[in-house]
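Colleague: Sequence:
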Amino acid sequence: MPGRYVGGLIRDIARITLGVLAGIEAIYLSDKVITHLLPTTLQNQAGFADLALLVLYATPEILFIGFPVALLIAVYLVLLRRREANEFVVFAGVGYGTGALLALVLVIGLAGQALSLAATGYIEPHALHLFGKTAFETRYKALREGRLAAGKFYVFDKYAVFAPYRRGNDVVDNLFIHARLDANRYRIMIADRATLFGSPEIRNLGLIFENASVHEFHENRTLDPGPAECQKCRNARPAAPFNVLRINHLYGELPAGDGQEFGPRGQRPAELTSLELLTGQDTGGGATREMSARAVRALTCLLAPLIALLAVALTSQATMFIALPAACALILGTGFFGGQAAGLLPPAGMAANLGAVLVLGLAAAAALIWAVLRVQNGCVRPHGVRL
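Sequential numbering from 1 applies to the sequence shown in our numbering.
Take the hints with a grain of salt, since some may be wrong.
[Claimed, not checked] As a list, the in silico DSS-like pairs of lysine-lysine whose alpha-carbon atoms are at most 30 Å apart: (1) Lys152 / Lys32; (2) Lys152 / Lys133; (3) Lys141 / Lys158; (4) Lys158 / Lys32; (5) Lys141 / Lys152; (6) Lys32 / Lys141; (7) Lys133 / Lys32; (8) Lys158 / Lys133.
The hints are simulated quantities; they were obtained by calculation from the structure and are not laboratory data.
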């Protein structure tokens, strides 16, 4: 096909892909803001800037399935309109048949695959970590500035804070703090009242606890060993405090909170880039599963244009309301269940698992190409479909 014509096709496909992807992102983010981000922001009494950052970092979460669906819809609509306008019949008369269309959708699929690898392999891991870090810092800032909402739990790494009652901006009643000291020890502090003292601007905030009691527990020490038949039962041997301290007034300074409290990126395989997954040491198999899932998501972008071309070939007046929904369902199933299936592959190593995913992906692409060639007349000949 002439280069100018192909360029026009690709521009139309890119434009529609961006539009559909924006719509998918808008639907997903609207639901996430209403059900999760906005309640969390209001609970922490955070500002619009914090909410905007959380929305920004949540944007890549749906790309793994939104992008291939948007690409499929765009390729389907553009090719179907051109087919119904008799453009492909004209090109078939000068020697550009179904083979040229297959080459075009394969090029588009490879470009989509590269974009998917970049998004899931670099952008999404960083965004996932920044989302968690921003959410953590928002909660921690609420604690430091005395914006604790009554009746809510606040969890910060090894600490959990709960205040059932609040009076004014700086006073909370019946404060409860749980702190994990190590694998076997933890501390519980209960205070009748806690008052915020200091100023966040000069970074010397602290809490004054009134009538505080501090209990330290060791999970291997118990008051009652429990009946012999229940030595292994859950909670049969409750931990007992081995150190109890009661103080009328206790001052505890809050850490400055310079952003270092949240763990570094890479504590979970999903936060590692693809290059880090490939070059790092995979001890528990998590890196192999994560990389295999990313490979499946990238392959869906390669298969999406092929599925769209097959749907175009099968679209007629009788099937015009079935072809596109069926194609979208196929690509959605591949994206959702393919990634889960990749995680169930036996732990044979990174290279072996990626090789298996690649072979399965190429087999699926070959099957789609064979199916398109079986109905290739439908790719070129109009069927009187009105969009």
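Colleague: Are the hints correct? Go through all of them and say.
Modeller: Results of checking the hints against the structure:
| no. | hint | verdict |
| --- | --- | --- |
| 1 | Lys152 / Lys32 | 20 Å, holds |
| 2 | Lys152 / Lys133 | 20 Å, holds |
| 3 | Lys141 / Lys158 | 16 Å, holds |
| 4 | Lys158 / Lys32 | 27 Å, holds |
| 5 | Lys141 / Lys152 | 15 Å, holds |
| 6 | Lys32 / Lys141 | 22 Å, holds |
| 7 | Lys133 / Lys32 | 18 Å, holds |
| 8 | Lys158 / Lys133 | 15 Å, holds |
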